[in-house]
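Model the full assembly from the supplied sequences, consistent with the hints where possible.
Protein chains: 2
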Amino acid sequence: MNNFTKVSVAQDARTELHDKLSLTGAEISVNNLPAGAGVPFVHSHKKNEEIYIILSGKGKAVIDDETVELNAGDFMRIAPSAKDSSLQGTILQSVLYVFRLRKTLLKDTQQMML
Amino acid sequence: MNNFTKVSVAQDARTELHDKLSLTGAEISVNNLPAGAGVPFVHSHKKNEEIYIILSGKGKAVIDDETVELNAGDFMRIAPSAKDSSLQGTILQSVLYVFRLRKTLLKDTQQMML
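From first to last, the protein sequence lines are chains F and R. Numbering (the numbering used here) for the first sequence: 6 to 119. Numbering (the numbering used here) for the second sequence: 6 to 119.
Think of the hints as simulated: they come from the structure by calculation, not from any bench. Just so you know, these numbers come straight off a predicted model, no measurement behind them. There is no bait here: all hints are sound.
Identical copies carry no separate label here, and so any pair may be met within one copy or between two of them.
Derived SDA-like pairs: lysine to any residue, alpha-carbon spacing no greater than 25 Å straight-line:
{"#": "1", "residue 1": "Lys-11", "residue 2": "Gly-41"}
{"#": "2", "residue 1": "Lys-88", "residue 2": "Val-67"}
{"#": "3", "residue 1": "Lys-65", "residue 2": "Gln-93"}
{"#": "4", "residue 1": "Lys-11", "residue 2": "Lys-63"}
The following block contains the structure:
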């Protein structure tokens, strides 16, 4: 059995890597938002921190009612107590979410839809 | 105090984000290897998993004496017990390391130089 796992990620709308890479310390997904699209998903994590990596394009996020401009090359951490909502992609082509698993994912997530 | 932190990462040889983003669940660094360069750093982690994200370019890694080809769009997990050594960049422009912190980084890392 190899001590490593490798996958190549295509340009799909969303690719989740937890099972594909047998991750134990993080959840990772690669996301592509077409121009004008948004993710109106208001949620917060009690213990997990989220890290967004903007691979290409630009867009904005609304976090605790504050609008944050996002551009390629940006790395953003969101604290566990924050509510981060509605990624808005102008040409936001790739966003990576990384967050830590301390307990189960579902138990650690508080969410409400807009 | 904001519940988020954002930085823009330039094309430096290596950018470490732990302090810049006040990370608690991961170590992240963004790395650029010029053509032909290598990182002959043989090490292993007892508890942390490492995740490499190839942002652009191509190269190879040697893990437990096995050579793995790396291309843009690849995501690779290395298990805690593996020794991963010597990233070799042909045109490997950006590699991201993510690994989990359970204890302190130094205590968790076993390393030897080639």
